[in-house]
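Q: Take these sequences, add in the hints, and give me the full structure.
Number of protein chains: 2
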Amino acid sequence: MDSSSDTIERWGVFEYSARASCDGNPFTDVTFGAVFRLGHRRVRVDGFYDGDDTYRVRFMPDEEGEWELETFGSLEALDGQRASFRCVPPSEGNHGPVGVIDRFHFAYADGTPYYQVGTTCYAWTHQEPGLQEKTLETLAAAPFNKLRMCVFPKSYRYNRNEPPLYPFEGEPLEDWDFARFNPAHFRNLERRVEQLRDLGIEADIILFHPYDRWGFSDMPAEADDRYLRYVVARLAAYRNVWWSMANEYDFMGTKCEADWERYFRIVQRRDPYQRLRSIHNGHRWYDHGKPWVTHASVQSSDLHRMTQWRETYGKPIVVDECRYEGNIEEGWGNITAEDLVHRFWQGTAGGGYVGHGETYLHPDDLLWWSKGGELRGESPERIAFLRRFLEDGPAGGFHPAMHRWDRHCVQRGDGAEYLIYFGWSQPAEHSIEMPAGERYHVEVIDTWRMTTDALVGEHSGAFTIPLPGRPHIAVRLRRI
Amino acid sequence: MDSSSDTIERWGVFEYSARASCDGNPFTDVTFGAVFRLGHRRVRVDGFYDGDDTYRVRFMPDEEGEWELETFGSLEALDGQRASFRCVPPSEGNHGPVGVIDRFHFAYADGTPYYQVGTTCYAWTHQEPGLQEKTLETLAAAPFNKLRMCVFPKSYRYNRNEPPLYPFEGEPLEDWDFARFNPAHFRNLERRVEQLRDLGIEADIILFHPYDRWGFSDMPAEADDRYLRYVVARLAAYRNVWWSMANEYDFMGTKCEADWERYFRIVQRRDPYQRLRSIHNGHRWYDHGKPWVTHASVQSSDLHRMTQWRETYGKPIVVDECRYEGNIEEGWGNITAEDLVHRFWQGTAGGGYVGHGETYLHPDDLLWWSKGGELRGESPERIAFLRRFLEDGPAGGFHPAMHRWDRHCVQRGDGAEYLIYFGWSQPAEHSIEMPAGERYHVEVIDTWRMTTDALVGEHSGAFTIPLPGRPHIAVRLRRI
Numbered sequence: 001m002d003s004s005s006d007t008i009e010r011w012g013v014f015e016y017s018a019r020a021s022c023d024g025n026p027f028t029d030v031t032f033g034a035v036f037r038l039g040h041r042r043v044r045v046d047g048f049y050d051g052d053d054t055y056r057v058r059f060m061p062d063e064e065g066e067w068e069l070e071t072f073g074s075l076e077a078l079d080g081q082r083a084s085f086r087c088v089p090p091s092e093g094n095h096g097p098v099g100v101i102d103r104f105h106f107a108y109a110d111g112t113p114y115y116q117v118g119t120t121c122y123a124w125t126h127q128e129p130g131l132q133e134k135t136l137e138t139l140a141a142a143p144f145n146k147l148r149m150c151v152f153p154k155s156y157r158y159n160r161n162e163p164p165l166y167p168f169e170g171e172p173l174e175d176w177d178f179a180r181f182n183p184a185h186f187r188n189l190e191r192r193v194e195q196l197r198d199l200g201i202e203a204d205i206i207l208f209h210p211y212d213r214w215g216f217s218d219m220p221a222e223a224d225d226r227y228l229r230y231v232v233a234r235l236a237a238y239r240n241v242w243w244s245m246a247n248e249y250d251f252m253g254t255k256c257e258a259d260w261e262r263y264f265r266i267v268q269r270r271d272p273y274q275r276l277r278s279i280h281n282g283h284r285w286y287d288h289g290k291p292w293v294t295h296a297s298v299q300s301s302d303l304h305r306m307t308q309w310r311e312t313y314g315k316p317i318v319v320d321e322c323r324y325e326g327n328i329e330e331g332w333g334n335i336t337a338e339d340l341v342h343r344f345w346q347g348t349a350g351g352g353y354v355g356h357g358e359t360y361l362h363p364d365d366l367l368w369w370s371k372g373g374e375l376r377g378e379s380p381e382r383i384a385f386l387r388r389f390l391e392d393g394p395a396g397g398f399h400p401a402m403h404r405w406d407r408h409c410v411q412r413g414d415g416a417e418y419l420i421y422f423g424w425s426q427p428a429e430h431s432i433e434m435p436a437g438e439r440y441h442v443e444v445i446d447t448w449r450m451t452t453d454a455l456v457g458e459h460s461g462a463f464t465i466p467l468p469g470r471p472h473i474a475v476r477l478r479r480i
Numbered sequence: 001m002d003s004s005s006d007t008i009e010r011w012g013v014f015e016y017s018a019r020a021s022c023d024g025n026p027f028t029d030v031t032f033g034a035v036f037r038l039g040h041r042r043v044r045v046d047g048f049y050d051g052d053d054t055y056r057v058r059f060m061p062d063e064e065g066e067w068e069l070e071t072f073g074s075l076e077a078l079d080g081q082r083a084s085f086r087c088v089p090p091s092e093g094n095h096g097p098v099g100v101i102d103r104f105h106f107a108y109a110d111g112t113p114y115y116q117v118g119t120t121c122y123a124w125t126h127q128e129p130g131l132q133e134k135t136l137e138t139l140a141a142a143p144f145n146k147l148r149m150c151v152f153p154k155s156y157r158y159n160r161n162e163p164p165l166y167p168f169e170g171e172p173l174e175d176w177d178f179a180r181f182n183p184a185h186f187r188n189l190e191r192r193v194e195q196l197r198d199l200g201i202e203a204d205i206i207l208f209h210p211y212d213r214w215g216f217s218d219m220p221a222e223a224d225d226r227y228l229r230y231v232v233a234r235l236a237a238y239r240n241v242w243w244s245m246a247n248e249y250d251f252m253g254t255k256c257e258a259d260w261e262r263y264f265r266i267v268q269r270r271d272p273y274q275r276l277r278s279i280h281n282g283h284r285w286y287d288h289g290k291p292w293v294t295h296a297s298v299q300s301s302d303l304h305r306m307t308q309w310r311e312t313y314g315k316p317i318v319v320d321e322c323r324y325e326g327n328i329e330e331g332w333g334n335i336t337a338e339d340l341v342h343r344f345w346q347g348t349a350g351g352g353y354v355g356h357g358e359t360y361l362h363p364d365d366l367l368w369w370s371k372g373g374e375l376r377g378e379s380p381e382r383i384a385f386l387r388r389f390l391e392d393g394p395a396g397g398f399h400p401a402m403h404r405w406d407r408h409c410v411q412r413g414d415g416a417e418y419l420i421y422f423g424w425s426q427p428a429e430h431s432i433e434m435p436a437g438e439r440y441h442v443e444v445i446d447t448w449r450m451t452t453d454a455l456v457g458e459h460s461g462a463f464t465i466p467l468p469g470r471p472h473i474a475v476r477l478r479r480i
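Those sequence lines, one after another, are chains W and H. When we follow the working numbering, the leftmost residue of the first sequence carries the number 1, and every step to the right adds one. When we follow the working numbering, the leftmost residue of the second sequence carries the number 1, and every step to the right adds one.
Derived by calculation from the structure, the hints in this document are not laboratory data. Note that the Cβ used here is the ideal one computed from N, Cα and C, for glycine as well. Among these hints, one or two may not hold up.
Beta-carbon label-pair distances, calculated as ranges [as the list claims (entries may be wrong)]: (1) W:E381 <-> H:E433: 35 to 43 angstroms; (2) W:R449 <-> H:G253: 38 to 46 angstroms; (3) H:P466 <-> W:P89: 55 to 63 angstroms; (4) H:E429 <-> W:R180: 38 to 46 angstroms; (5) W:R449 <-> H:P466: 47 to 55 angstroms; (6) H:E171 <-> W:T451: 47 to 55 angstroms; (7) W:E438 <-> H:E194: 51 to 59 angstroms; (8) H:A428 <-> W:R180: 39 to 47 angstroms; (9) W:P172 <-> H:P468: 34 to 42 angstroms.
A: Okay, here's the thing in structure tokens:
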């Protein structure tokens, strides 16, 4: 028995471990967990077996104060152990987990707005350690605050290499013991999630995906369910975890709708923190209106439909995949940087959020979208510019305003700020009529060149804004 | 009585005129026309009153030989007159009228393929004569082989000037005698149609449109019908005439579906040559499946739906309006030249046809799309490049082939030529599998830079084509 520390910051991870030996399969034959208490509040948390006769339970305290815990377990050495720790204020940069606010948007638990600006490295934790470190180095300098990543390794064009670690004991290919996890695999995953957390990046953990040659996409239901419980027990305490039930769930031919509902139920029931949950589609969208979905995770090119999707689902819309910057022959991975940056602004100006990916051909198949490594595209610095724009304004997200078919317009802060985005159009002027009695400062933003030009003076009522007559222009109006 | 000539080339215009005086209204109280005969063939043609006690009947002979005519009329001087002329072979460049072939495409009557590459100058014949001449001069050097133009003047933003001539007698605004046409207006219109014909340009004559301050969009049904008969009698003989019932028909609130059916019926019944007929939409598409519609004339931005529209209507699809190159604030008139050229190739690679328009702000409101004048954009020379591409290949139009969501592919000549177009995508390579046993020459086309690079050697079976990794690339494969 030991505890990692007697003092844990709010929204940090407290870990309690105990040792016991088991004659059978410790992954399946032993139960272990703990009940955490603060005053009259009780939180029951599943533990997990981590190899070497070691059982652990992890917990994220969300309130400051003196927490106590008492273990439960099916082996004597695991049962009825007590410990306590003090939860202290969060350190700088720790804003807590991200949740949904204002129906369509996100914020950290401390109220700081979270403007989702995601990227994608599906299999980065399945590459050699040096490449994983390089990915973290790149992310540290990149604008992204969310990363989509798979628990399972990936088998797909440009991704034929075997991973250093597998999630189960056994031998590739397909001679796995799905009842015995490989702790080393999950320890690496957790460390990477922690490192992302320390970079301020949410980890959108993809639990299943179809790009598989090892059999992980087609396990028996019992193995699926055990796997989900194990992942939740290990990872849920990290405040930057989001759950993505799948990448392209509808391309997994052996799963049916009822399977996905069961997976959602398991995660929903086992996760003490109710981390954000969604599921990403290939061709057929999931019904994100279902109550266990916290936000829509979407693959679509049709970002002009953002406001329509908001109305359909009544939840935050994150278009995680709208085609990637790159030059591969597959159409989902060969749009220009201009186009991807445009899609980010288009989604923003529709009241939603967009994700990045990069797929430039590389002699060693080092494509960011799958393996991480280095970014070579031109969109990230423009996405950084967008992120600064989002964070420099009234708190809260954008909502549709003043709809017209030929441009997007949103407002936030009850009209304190308006954003109008013209996309690929190149108007040389724009006429507008603002609410009577209000005065505004007007800025003309070139989203590609990353410039912001303030118009002289104050504007009110009906007026015409001169524009540069080239694509990728946005206008911001700030109420005085 | 006189005839313009005793010898008329095939598909030229023969005109016969007669003089008579009438106490009442010669436009409504007098009937006049002629029956033209070649052997046992008889063609009944309506004449029209052209002012100055002069009645005319025009006829386009479509067969060589000795034609005879006999007039009919409700005044003695107009009735039973006889004349004859010899129809001789067409002069160079006269390929006859354009008709539908191969269900989805067009050809001239002599079999020459007609690849529609249109533009738009709605009100060019309503400008000062000097500007009309300038428009013709511009068109002579431009790639376009069809022009959309209105019979009625237009009242809309950037188009507030009064026209030099009105179609009816009376005084603006709205004190018109709809029962008395203004022959001078129609003589100018005809002369311009003739001049277009001599430039090899089809005149897509728009019979009604909503942008009106004179009352021409809201005449009594009787006046509408008389107007249609008059226009058909005057213009149908010009082989380059197409009939467009309306521009944005659904924006004409005082017309109902039955009105449009009646207009189509009148034109269909009165036009001896059955010129091409369509109708252009605003928001609500006309049902182009109706039997009196010869081809779909469409306003839409969704050119990736071209193949779907072909299937829906089973007719040639002409997207006459897909947004114009320009910089006005209205979204339908501010796309870049790149985007418009892209739309032309996208439509072509979907097995259809696209139209051009240009709307750059001008200190004197000289916007090509409405008034004509000069072209200032960058798309026309690229559209010329496309036209040369279309005319340099197996005769006939393109049909969808090898569908994939991320690029367009069409073929013509039963697989003699394939066109693959990648649009805004920037693949650096493309893998393809061609029909077994065939060999191909491969060309990589930069549709924006207007370059064509032939790959070395012959290609067959499955192979990968290296591409430049930038947008606007097409590939042509020609069977050897």
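Q: Please go over all the hints and tell whether each is borne out by the structure.
A: Tested hints:
{"no.": "1", "hint": "W:E381 <-> H:E433: 35 to 43 angstroms", "in the structure": "holds, 39 angstroms"}
{"no.": "2", "hint": "W:R449 <-> H:G253: 38 to 46 angstroms", "in the structure": "holds, 44 angstroms"}
{"no.": "3", "hint": "H:P466 <-> W:P89: 55 to 63 angstroms", "in the structure": "holds, 59 angstroms"}
{"no.": "4", "hint": "H:E429 <-> W:R180: 38 to 46 angstroms", "in the structure": "holds, 43 angstroms"}
{"no.": "5", "hint": "W:R449 <-> H:P466: 47 to 55 angstroms", "in the structure": "violated, 31 angstroms"}
{"no.": "6", "hint": "H:E171 <-> W:T451: 47 to 55 angstroms", "in the structure": "holds, 54 angstroms"}
{"no.": "7", "hint": "W:E438 <-> H:E194: 51 to 59 angstroms", "in the structure": "holds, 58 angstroms"}
{"no.": "8", "hint": "H:A428 <-> W:R180: 39 to 47 angstroms", "in the structure": "holds, 43 angstroms"}
{"no.": "9", "hint": "W:P172 <-> H:P468: 34 to 42 angstroms", "in the structure": "holds, 39 angstroms"}
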